[in-house]
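Trainee: Chains A and B are the protein sequences, given in the same order. Just remember that the working numbering sits 223 ahead of the position in the first sequence, which is counted from 1. Just remember that the working numbering sits 163 ahead of the position in the second sequence, which is counted from 1.
Hint data in this document are derived by calculation from the structure and do not stem from the laboratory. Heads up, some of the hints might be wrong.
Once the Cα atoms are required to be at most 20 angstroms apart in a straight line, the calculated DMTMM-like pairs of lysine to aspartate or glutamate come out as [stated by the list, open to error]: (1) B:Lys193 - B:Glu328; (2) B:Lys304 - A:Asp631; (3) B:Lys304 - A:Glu626; (4) B:Lys183 - B:Asp228; (5) B:Lys273 - A:Asp630; (6) B:Lys273 - B:Asp284; (7) B:Lys304 - A:Glu627; (8) B:Lys304 - A:Glu297; (9) B:Lys304 - A:Asp630; (10) B:Lys304 - A:Glu623; (11) B:Lys273 - A:Asp610; (12) B:Lys316 - A:Asp595; (13) A:Lys543 - A:Asp595.
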Amino acid sequence: MALPELKQTATDARLSALELPKGGCLTAARQAALARVQTMGLPSRRDEYWKYTRPDTLVQAEAVPAAVFHNDEEPMFSNRDRLRIVFVDGVFDAEQSDDLTLEGVRIDRLEDICCTDIHWARDLYGVLEARGQTPVERPLAALNTAFATDGVAIHVTGTPSKPISLVYIHANEASDAILHHVIRVEPGAEATILENGPAASRFNKCMEIDIADTGKLHLVRAQGRDHERRAATHMFARLGTESVFKSFTLTVNGVLTRNEAVIELTGDDAVAHIAGACVGDGDFHHDDTVFITHDAVNCESRQVFKKVLRNGATGVFQGKILVKEGAQKTDGYQISQSLLLDDDSQFLAKPELEIYADDVACSHGSTSGAIDETALFYLRSRGVPADVATDLLTLAFLAEAVEEIEDDSLAGDIVERLEGWLSRRR
Amino acid sequence: MLEIKNLHVKLEEEDKQILKGVDLTVEAGKVHAIMGPNGSGKSTLSYVLSGRDGYEVTDGAATLDGEDLLDLEPEERAAAGLFLAFQYPVEIPGVGNMTFLRTAVNAQRKARGEDELSAADFLKEVRAKAKTLKIDAEMLKRPVNVGFSGGEKKRNEILQMAMLEPKMCILDETDSGLDVDAMKLVSEGVNALRDAGRSFLVITHYQRLLDHIKPDVVHIMANGRIVKSGGPELALEVEHNGYADILAEVV
């Protein structure tokens with residue numbers, strides 16, 4: 224079926240500005256992904272899945288320039304022992320990166336998996352993304368698979384002694400980056416991956432994560448402070464039996480962020496927790512779109528998303544739990560909440576449950592509200608000044624999401640950033 | 164200490180006068196009790212004194228050691244030495260009880276130009292005071308009042324009072340929802356704080372609490388006014404005969 228004319232024109236315009244990276248073993252996957260893009264067309268504001276977030280600037284041929292934010296604050300995670308993999312405007316920077324060897328994990332650049340014989344990565348690249356195109360199309364992810372210029376393949380075979388830290392530096396105001404990572408966690412292996420930084424003026428990132436039986440992966444990400452940047456990120460994860468995947472995202476600032484998480488629980492007793500805390504001001508627009516599929520018995524999924532919005536900021540949550548036939552004993556939980564610090568901000572939420580099994584426990588809740596006046600008065604009556612009390616209640620509101628981070632010290636880092644945001648806005 | 168003169172208060176949202184000329188003076192070191200039927204304005208008085216939103220003072224004044232209370236923000240009143248023990252202590256999920264206490268203590272010290280308590284000193288003090296109120300370490304770690312029983316919440320109020328060391332304590336129906344043992348524990352906590360420089364205003368429905376916290380003066384409040392004041396025997400009279408006789412007498 225032909226695409227609507229406007230969509231065809233927009234898609235053609237974007238594709239004509241890009242070139243398929245040549246050679247290597249990923250060519251077939253890239254071409255297949257390009258074909259998906261051509262069939263689906265890139266998102267437009269008329270698409271139901273983009274009802275609350277305008278995709279125009281993510282789709283158009285040229286990235287909108289974004290100022291590079293400078294300050295003397297230590298970048299996130301600077302204080303900890305980690306293996307740094309640095310990308311500047313979407314390009315791997317060997318100088319700033321650490322040696323990529325670490326016991327329990329093998330890390331290769333995307334371009335190297337084409338030269339060497341890294342079958343698992345070749346067999347994963349584009350596969351989970353393609354699976355994630357049904358029942359809802361995600362053309363920006365297919366675009367990413369086709370045109371990603373850099374990225375890493377992380378193969379977790381044991382328990383690395385430190386986190387693997389992906390650092391995304393934004394250096395050029397006109398940068399437009401497409402990164403694609405593939406991650407495989409072997410049975411019994413466990414790792415933590417950290418991500419931080421705005422990456423580029425426009426950032427399209429895709430991460431495909433395959434967790435084998437009993438494997439565990441923790442992902443903690445912070446999306447930087449550059450307010451003018453735009454980002455569309457996708458995380459596709461497939462979980463085997465008794466595997467665990469926990470992800471947390473912190474977003475402060477950003478005129479446009481669309482974070483999609485597509486999680487498939489394919490083995491019994493698997494656990495997936497996807498959480499996010501975002502705080503924004505003014506023209507801040509943040510969209511969490513999550514799709515969790517339960518396709519095995521006795522699995523647990525949690526979605527915990529908290530947004531603090533003020534001065535006209537917009538928060539979006541689209542979250543779905545799909546429980547397939549036979550996925551009995553599913554325990555699905557979804558909560559999305561916003562704290563609106565004024566009358567101008569808005570929160571748009573679309574929670575969905577679709578259940579085809581009869582022995583499941585699924586709950587979802589979505590709320591939107593102001594600071595609790597009674598709690599505020601209680602704190603003030605004890606001598607806590609109004610602004611401090613408001614901050615305390617705001618952090619308390621965000622706490623449920625932050626608590627999803629298993630590592631207390633990482634959670635502490637996140638809280639520190641949130642406190643920083645609050646104190647800057649007094 | 165606390166001086167209330169001709170205090171008139173109405174609800175902000177509607178044209179409803181709640182307090183219609185309250186006059187009350189609580190001297191330093193004294194315990195005053197206010198009793199009165201439901202709807203007489205007792206709780207409103209406590210909220211207005213502590214600065215809760217939703218009320219409009221239409222006339223009169225309230226001062227604490229000469230300082231005009233009604234002009235101050237709630238936190239400023241707290242720093243000036245006023246404390247309200249809530250009838251319904253508020254649950255605050257996500258804020259640890261310890262964090263809350265330390266923030267409050269240090270905010271008040273800061274407002275008074277004193278040094279903040281060090282973490283170690285604070286911990287030492289809070290542990291000692293919690294122990295006398297039979298508040299265990301677990302309760303201190305939990306979010307403020309979340310999952311606390313009625314008795315635990317009231318003990319937590321008294322712990323806050325003990326930590327903040329206010330000059331003027333208002334207890335709003337602190338006995339409500341307490342069993343006999345809990346009431347005794349809470350009363351002991353209050354009595355331990357009685358001091359020549361500290362005053363109490365105890366709002367209650369029942370004489371029972373006043374067996375434990377012995378008042379110097381008892382006031383009867385009705386229809387937005389103090390209608391009768393006397394010694395502890397006034398509370399006993401209410402206990403035996405109800406309010407009808409007293410109210411009939413003043414009308």
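Trainee: Now tell me if each hint is right for this structure.
Mentor: The hints, checked one at a time:
| no. | hint | verdict |
| --- | --- | --- |
| 1 | B:Lys193 - B:Glu328 | 16 angstroms, holds |
| 2 | B:Lys304 - A:Asp631 | 16 angstroms, holds |
| 3 | B:Lys304 - A:Glu626 | 15 angstroms, holds |
| 4 | B:Lys183 - B:Asp228 | 23 angstroms, violated |
| 5 | B:Lys273 - A:Asp630 | 34 angstroms, violated |
| 6 | B:Lys273 - B:Asp284 | 16 angstroms, holds |
| 7 | B:Lys304 - A:Glu627 | 19 angstroms, holds |
| 8 | B:Lys304 - A:Glu297 | 31 angstroms, violated |
| 9 | B:Lys304 - A:Asp630 | 19 angstroms, holds |
| 10 | B:Lys304 - A:Glu623 | 16 angstroms, holds |
| 11 | B:Lys273 - A:Asp610 | 15 angstroms, holds |
| 12 | B:Lys316 - A:Asp595 | 19 angstroms, holds |
| 13 | A:Lys543 - A:Asp595 | 28 angstroms, violated |
When each numbered hint is compared with the structure, violations occur for hints 4, 5, 8, 13.
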